[in-house]
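Top to bottom, those sequences are chains G and S.
Here our numbering is used: the first residue of the first sequence is 32, the next is one more, and so on.
Here our numbering is used: the first residue of the second sequence is 398, the next is one more, and so on.
No lab work stands behind these hints: they were computed from the structure.
Misleading hints may appear alongside valid ones.
What the hints assert, rightly or not - Calculated lysine-lysine pairs in the PhoX-like style (CA-CA distance at most 25 Å, straight line):
(1) K209/G <-> K475/S
(2) K502/S <-> K92/G
(3) K79/G <-> K92/G
(4) K173/G <-> K502/S
(5) K530/S <-> K79/G
(6) K475/S <-> K173/G
(7) K502/S <-> K79/G
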Amino acid sequence: MSRVRVSWLAVIVSAAVLPALAQSGALDLPKNIEAGSAFSIPTTGAGKATLYVAGPAQALKREVQLGQPIAFAAGDLSNAGHYLAVLRSDSSTETGEFDVAPASTPAALSFLAKPSRLPAGLQNGITGAVYVFDSFQNLITKPTQVNFQLSVAAAPTQARTVTTSQGAAWTEMNSATKEGNAKFVAQAGNVSAARVIQQVPGDPCGLKMSARQVGDKLQLETDPLRDCSGNAVTDGTIVTFTESWNGSQTTVDVPLKHSVAQAEVPARSGARISVATGVVMGNEIRWEGQP
Amino acid sequence: MTRPLAILCAALAVSAAFAADQGSVQVEPTVLRGPRPLARQTESAVVRDYLEAWQTLSAAMDQNRADLLNQNFVGTAKEKFAVTIAEQAKLGLRTHYQERSHDIKIIFYSPEGLSIQLVDYIQYDVQLLDREKVLATQPVQARYIAVLTPTEVRWKVRVLQAESQ
């Protein structure tokens, strides 16, 4: 009898393999196999044949002896996917289909965190997305818990636990109120991935300047600039002083140094002087001359 | 009752006329997880590039040419399929995939915009050839998960994996 049949007694399936057999076509195959696990395909009959296993993710060809189980060692078929199997002998061709499922243990994470730099004290300003893979780089599509943690020195750690859907999980976090580097970690099982998020001071919470005359010049100076969380605004931030007098305008752009911006403009009686940085407007001074 | 329902379903499902090589293509309404909205143009580009990736995969597997994968695949998917093609070439095999239909649904757009995930209920015929001799032709229904990432000019497939339905 040339037809290959499954002999249940001959089935040698590893513990990781679900032994439900599909009645697909004439070749009976394990219906579900975990990637990388050992399994076997029982055959009956006699003589030599060739087994082909083909899918986009893997292709195999083996000379086999009918009547003997065809053994696949651990790691032989490691890529998750849908496979076509063909057992061909001189007198017959049997076909079947089966699926290889990802292993269930996370072994690698693809962690997308953004941004790498943001202002302190921003609600939901940090996002992280994770794809979870097994040791064979198969996307683990069964629900898997992912723990996200965002930690920064001298501030409480933020933590979220998210269950993956189709292999993906995401979260949003607030940036800390204090500037500094934060460590953003995603963990699934025993595997983790970390990213560093630089938290910088935000926009100044207020902008105030004062003026004093030195000779024929006005020396302008801001109070130390701080964001609304009290962090010193980053040196180098440009502050713009503008003097309007008699229909003309003089503008001076200066970078912050030690949180303070300083500039000199001509001292003209009746001049109006304003200060701004980014979207923040400061106070305005009307210069009437030295009191 | 069934007629209005059918009309509603038809209205919800965006049908697109693509090349006959891809068979019929159905794009289901997008229901996204995640906070990032998906622009219509992005959705169209992702679907277009995903379908093109299947064409490329089919040609690469049929001709045993891994170089063809560069156009539409990156990362894990490209590496795995390139290995398969090398295995096929070594064994004297070829596989020919003929798509019959796609039913695509975009399910996840990562918040930073660097990945899109979709599910495709696909039907295709796969033909296996050993040294130009056809061994078998099998109609297949499968559920594929794909993850695409943006590159300079197109979305490329980073993960393409079938799973049991």
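Checklist entry - Hint by hint, which ones does the structure fall short of? => result Of the numbered hints given earlier, those the structure breaks are 1, 2, 7, listed in rising order.
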